[in-house]
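If you read the protein sequences in the order shown, they are chains S and F.
Taking the working numbering, the leading residue of the first sequence gets 298, the next gets one more, and so forth.
Taking the working numbering, the leading residue of the second sequence gets 298, the next gets one more, and so forth.
Since the hints were made in silico from the structure, they are not lab data.
A few of these clues could be false.
Note that identical chains are pooled: a pair holds if it fits in a single copy or bridges any two copies.
Below 20 Å or equal to it, Euclidean Cα-Cα: the simulated EDC-like pairs (lysine to aspartate or glutamate) are [what the hints assert, rightly or not]:
1. LYS492 to GLU460
2. LYS712 to GLU677
3. LYS300 to ASP478
4. LYS353 to GLU644
5. LYS361 to ASP349
6. LYS493 to ASP613
7. LYS492 to ASP613
8. LYS300 to ASP486
9. LYS492 to ASP614
10. LYS300 to GLU454
11. LYS611 to GLU460
12. LYS300 to GLU452
13. LYS300 to GLU451
14. LYS300 to GLU479
2 protein chains.
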Amino acid sequence: MDKRLVHSLIDAAAGRTVSDLAVLNAEVVDVYNRTTFRSNVYVKNGYIVGFDSSLKAKETFDAKGKYLIPSLIDAHCHIESSHLSPSEFSDAVVPCGTGTVIADPHEICNVTGLDGMRYMLSASEGIPLSVFLMFPSCVPATPFEHSGAVLNAEEIEQFIGNERVLGLGEMMNYPGVSGADESVLNKLDCAYRRKKNIDGHAPSIFGSALDSYAVAGISTDHECETPEEARDKIRKGMYVMLREGTACRNVLQLLPAVDSRNFSRFLFCTDDRQPQSITEDGHINYGVSLAIRNGLDPLLAISMATLNAALCYKLDDRGAVAPGKRADFFLSSSIEDGIKAEEVFLEGKLVAEYGKIIKKARHTEPVNVSGKMDVKGFSEKSLVLKLKGKHVRVIDIIPGGVVTGNGDAFVNLDKDGNWVHDPDADILKLAVVERHHGTGLSALSLIRGYGMKHGAVATSIAHDSHNIIVIGDNDRDMALAVEKLVEIGGGITMFKDGKELGTHVLEIAGLMTDSALDEVTSTLDSMHTIAEKELGVNEGIDPFMTLSFMALPVIPALKLTDSGLFDVASFGFVDNTID
Amino acid sequence: MDKRLVHSLIDAAAGRTVSDLAVLNAEVVDVYNRTTFRSNVYVKNGYIVGFDSSLKAKETFDAKGKYLIPSLIDAHCHIESSHLSPSEFSDAVVPCGTGTVIADPHEICNVTGLDGMRYMLSASEGIPLSVFLMFPSCVPATPFEHSGAVLNAEEIEQFIGNERVLGLGEMMNYPGVSGADESVLNKLDCAYRRKKNIDGHAPSIFGSALDSYAVAGISTDHECETPEEARDKIRKGMYVMLREGTACRNVLQLLPAVDSRNFSRFLFCTDDRQPQSITEDGHINYGVSLAIRNGLDPLLAISMATLNAALCYKLDDRGAVAPGKRADFFLSSSIEDGIKAEEVFLEGKLVAEYGKIIKKARHTEPVNVSGKMDVKGFSEKSLVLKLKGKHVRVIDIIPGGVVTGNGDAFVNLDKDGNWVHDPDADILKLAVVERHHGTGLSALSLIRGYGMKHGAVATSIAHDSHNIIVIGDNDRDMALAVEKLVEIGGGITMFKDGKELGTHVLEIAGLMTDSALDEVTSTLDSMHTIAEKELGVNEGIDPFMTLSFMALPVIPALKLTDSGLFDVASFGFVDNTID
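Make a model of the complete structure from these sequences and hints.
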């Protein structure tokens with residue numbers, strides 16, 4: 298707010314000037330009293346000025362009795378998971394009723410460091426969606442892999458004062474906080490000194506174990522697994538997020554924790570939501586509707602997705618339809634069985650109707666975040682997996698999640714002791730190739746349960762360091778897939794018998810694209826079909842997302858990084874061969 | 298929070314170091330889930346670290362199953378109304394369970410300007426009670442009187458950045474906001490630029506009239522008169538305070554507005570609470586208990602008086618018993634019929650037991666705020682009330698409030714046309730004598746309903762400009778009373794037949810004293826008895842507080858300032874004589 302703006306709002310509210318817009322006959326959702334009331338809503342210079350039906354307005358829009366709901370706030374997301382650049386992401390989620398996101402650019406910063414922060418800030422400036430950022434607190438996520446950057450307190454310090462940076466992103470390093478590691482405390486201190494928020498990430502941590510984490514002033518968590526855990530985190534002063542992403546979904550799990558006494562401490566978030574999920578089901582509106590359909594009072598659900606998030610992140614100018622708040626809202630014919638964003642207004646302008654954006658968001662050319670694919674010394678020969686014996690460890694894919702099993706198997710070796718694919722066993726080769734610094738590092742292991750009969754699939758989305766990960770039965774297709782990604786600057790690709798079957802280009806850091814959501818979804822849909830029909834990937838698993846989580850060494854049980862096979866339970870590297 | 302402190306808290310929470318204090322067997326009030334749980338509570342360096350019963354502590358305190366409640370927050374008060382200096386105020390309200398107050402030093406700043414801000418900041422530093430200040434937004438309160446200072450945006454700018462100044466105090470100038478007056482906008486802008494709060498004060502303003510006030514980002518109101526007004530202010534985004542002061546009390550009036558859906562938008566405050574009310578009934582605990590006894594869920598009531606206020610004023614370090622929050626709490630045997638502060642802990646130290654403070658607060662010598670009593674050209678002759686006729690206006694006292702009636706009467710005049718007291722009519726003379734700048738200004742009028750038979754009462758507490766106000770039947774006693782106040786630097790005094798009957802010295806700005814609460818109460822009690830028995834003041838009215846509101850020209854209907862008789866309805870001065 299500033300004086301001049303407020304002056305104009307007061308004049309309009311008092312009827313001394315004409316408002317820009319009047320939305321007539323709306324059933325306004327009052328997220329403060331958690332009730333509704335029938336009124337006109339007047340807007341001036343992008344802000345709501347009041348409800349006085351004697352006011353005049355330049356334009357009117359008849360809401361015809363529809364519910365007028367404040368724009369939804371996604372309290373925690375990674376825009377990168379949508380595969381979309383910020384402007385395309387805006388065009389994708391604004392029609393879903395989302396007006397504001399608190400985004401943690403953890404993925405792009407793992408690849409491009411501060412250039413990623415700069416890009417995310419500039420590319421999200423001046424677009425219809427309000428994008429606030431949390432500075433990623435854990436880059437790299439672990440010391441067991443090579444990411445594109447290392448971000449410590451000195452780097453945080455450069456951005457934490459930015460008005461659109463609301464604090465420190467999900468602090469995944471529970472042992473570091475609870476152990477009072479100096480480097481972790483230095484990061485937290487950047488937020489303390491600016492009085493900014495610190496988001497949490499503490500799966501399955503509750504009770505006594507939680508105290509030494511919450512005591513550091515960590516104010517949210519989006520990783521609760523049970524209602525008991527959620528209520529305990531709330532007791533410890535944290536806001537708990539009901540997350541409905543693509544892989545991780547816990548709205549239904551956590552709903553029993555929400556009651557009429559504690560609902561003010563819950564938020565909604567998407568965390569990681571894939572393009573297809575946005576196309577098919579929506580965004581935050583999906584989680585809210587799911588909660589409503591499963592018994593949550595619609596007005597409590599809406600206030601959780603709006604006012605609560607605004608309070609948590611101290612966004613005083615939004616989260617409600619009230620005088621002085623941004624004119625970000627949407628109309629929905631009903632709220633009883635979920636919400637629909639039929640007409641969406643941001644800053645008092647109609648920006649989307651029935652799921653379609655009216656005018657595309659301003660596009661920002663990616664700078665210093667494109668084509669980063671510094672792979673050195675890689676060839677087909679790098680993929681030869683020499684084993685000390687036939688009894689080996691295998692990563693067991695568990696469908697529908699990001700967790701794997703720590704399995705074993707007996708495999709065939711050639712005369713040199715190299716692994717040989719057995720067409721009758723569902724075991725494939727997995728490789729992670731370092732792509733940030735040309736270190737020439739790569740590591741190999743075996744993986745079971747993917748189903749592919751023949752060919753290779755590679756992706757440069759490989760949480761959290763986003764090296765290239767490739768799976769295949771033969772080294773030639775695998776090598777071709779890796780080389781293709783290097784050539785195009787990142788993406789997802791499939792090869793079979795030396796032939797490229799399909800490629801999804803992710804030219805921004807190998808994670809995102811400036812293509813629109815429908816294009817991305819259509820490419821991915823056809824690639825999914827090819828993966829299933831031509832490569833034989835198991836129907837029950839997502840061929841690309843599953844692959845993306847095989848290099849994530851913070852999630853159990855057995856993972857592969859560019860430095861080797863990692864056993865999460867013992868928190869160390871292990872050999873492919875079992876003695 | 299800072300890094301070193303957090304380091305020590307984490308170590309204690311994780312059990313690597315010994316805590317300072319363990320409160321054992323407490324029924325802890327969880328203001329987030331609005332429930333309770335049985336636990337030990339561990340404290341280190343003044344902060345709560347956790348609930349893990351395996352922790353060790355240097356000292357223990359057995360709560361014996363009592364409720365452990367976060368310290369209460371008074372969301373809006375004028376410390377001056379207690380007649381106590383900040384350190385004595387701390388000793389008075391801490392035993393009531395109050396841990397934090399948001400104080401608006403409106404009174405002392407009207408007398409002493411920025412010296413008052415400086416004094417209130419320094420005198421409230423390092424005392425057990427946490428005192429945050431709101432910079433007074435309306436000094437002087439009106440242009441119809443002479444206060445000791447004029448505070449505009451330039452003055453606000455000097456203090457608004459202070460960590461303990463949370464924003465701009467109650468904006469009483471509704472017409473100025475709604476009319477978008479430049480000088481008012483300049484004041485508001487000081488808060489906008491620092492992202493600080495702006496408290497409201499808008500009695501009986503709701504519906505459409507409220508929009509042009511709320512749109513300026515005013516975030517609280519403590520002047521609601523009806524449940525409808527309260528719910529409307531909440532709808533417009535304001536927190537509504539349930540106030541239980543001495544003269545103004547609206548907890549019971551507004552309680553019907555509070556429900557299980559909107560309770561997160563209500564706070565408790567005292568506004569103006571006289572010393573006797575604190576002694577007899579308590580402080581914020583009284584309002585909370587009153588609400589509970591009248592049907593409000595005790596856990597909602599407690600969360601309104603703690604967490605809600607912390608959220609409203611963005612005091613992230615308090616308002617709950619949770620890891621990382623200040624160890625400010627008290628024990629109460631029950632909560633079902635109200636709360637009692639039996640043992641009070643601030644920053645983890647036992648500071649009060651059963652209403653008694655254990656160690657007096659650090660005292661700060663008043664600087665530049667004492668003995669300011671610049672009265673020039675005043676004598677008994679100044680009190681001669683010459684009238685143009687016998688039909689006169691009289692201020693009609695209405696018992697129990699601050700509102701007066703605009704009455705008329707026929708009075709006796711001497712041969713010179715001067716008013717003569719009629720022992721059979723309950724009409725007395727009232728004078729307001731300017732005391733800040735030696736202007737020699739004084740004004741006279743007539744007042745009815747005080748009951749005094751013979752003598753004079755004078756006080757330097759006269760809202761909001763705090764000139765000297767004196768009432769009497771004869772000029773000699775009135776003059777002596779005024780001269781006494783000038784001599785002692787302010788206070789309350791009574792004279793009869795040239796003899797001083799009792800005096801309450803308020804050496805700090807003529808508003809407050811460094812005497813303790815019990816001394817103040819005992820002085821006032823005996824003076825009340827004298828006023829009633831020896832002067833004959835009506836039993837139904839407070840002889841001193843009533844007088845203090847007779848010079849307040851923002852409250853209807855007829856008031857007297859140093860500049861003349863003021864008719865609030867026509868918002869202008871009127872003559873004593875009716876044509």
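Comparing the hints with the structure gives:
1. For a Cα distance limit of 20 Å, the shortest separation of LYS492 from GLU460 qualifies both inside one copy, at 12 Å, and across copies, at 11 Å.
2. For a Cα distance limit of 20 Å, the shortest separation of LYS712 from GLU677 inside one copy, 19 Å, qualifies, whereas the shortest one across copies, 122 Å, does not.
3. Taking identical chains as interchangeable, the C-alpha atoms of LYS300 and ASP478 lie at most 20 Å apart only when they sit on different chains, with a minimum of 11 Å there against 44 Å within one chain.
4. In this assembly of identical chains, the alpha carbons of LYS353 and GLU644 lie at most 20 Å apart only when taken from the same copy (18 Å versus 55 Å across copies).
5. Proximity of LYS361 and ASP349 under a CA criterion of 20 Å is satisfied intra-copy only: 18 Å inside one chain copy versus 56 Å between copies.
6. Both within a single protomer and between protomers do LYS493 and ASP613 lie at most 20 Å apart by alpha-carbon distance, with minima of 14 Å and 10 Å respectively.
7. In this assembly of identical chains, the alpha carbons of LYS492 and ASP613 lie at most 20 Å apart whether taken from the same copy (15 Å) or from different copies (9 Å).
8. For the identical chains of this complex, LYS300 and ASP486 are inter-copy neighbours only, at 5 Å across copies versus 33 Å inside a copy, given an alpha-carbon limit of 20 Å.
9. In this homomeric assembly, LYS492 and ASP614 come within 20 Å of each other (Cα to Cα) both inside a single copy, at 18 Å, and across copies, at 11 Å.
10. Taking the shortest Cα distances, LYS300 and GLU454 sit within 20 Å of each other only across copies (15 Å), while inside one copy they are farther apart (30 Å).
11. For the identical chains of this complex, LYS611 and GLU460 are neighbours both inside a copy (12 Å) and across copies (17 Å), given an alpha-carbon limit of 20 Å.
12. In this homomeric assembly, LYS300 and GLU452 come within 20 Å of each other (Cα to Cα) only across copies, at 17 Å, whereas the closest approach inside a single copy is 34 Å.
13. In this homomeric assembly, LYS300 and GLU451 come within 20 Å of each other (Cα to Cα) only across copies, at 15 Å, whereas the closest approach inside a single copy is 35 Å.
14. In this homomeric assembly, LYS300 and GLU479 come within 20 Å of each other (Cα to Cα) only across copies, at 9 Å, whereas the closest approach inside a single copy is 43 Å.
In summary, this structure violates none of the numbered hints.
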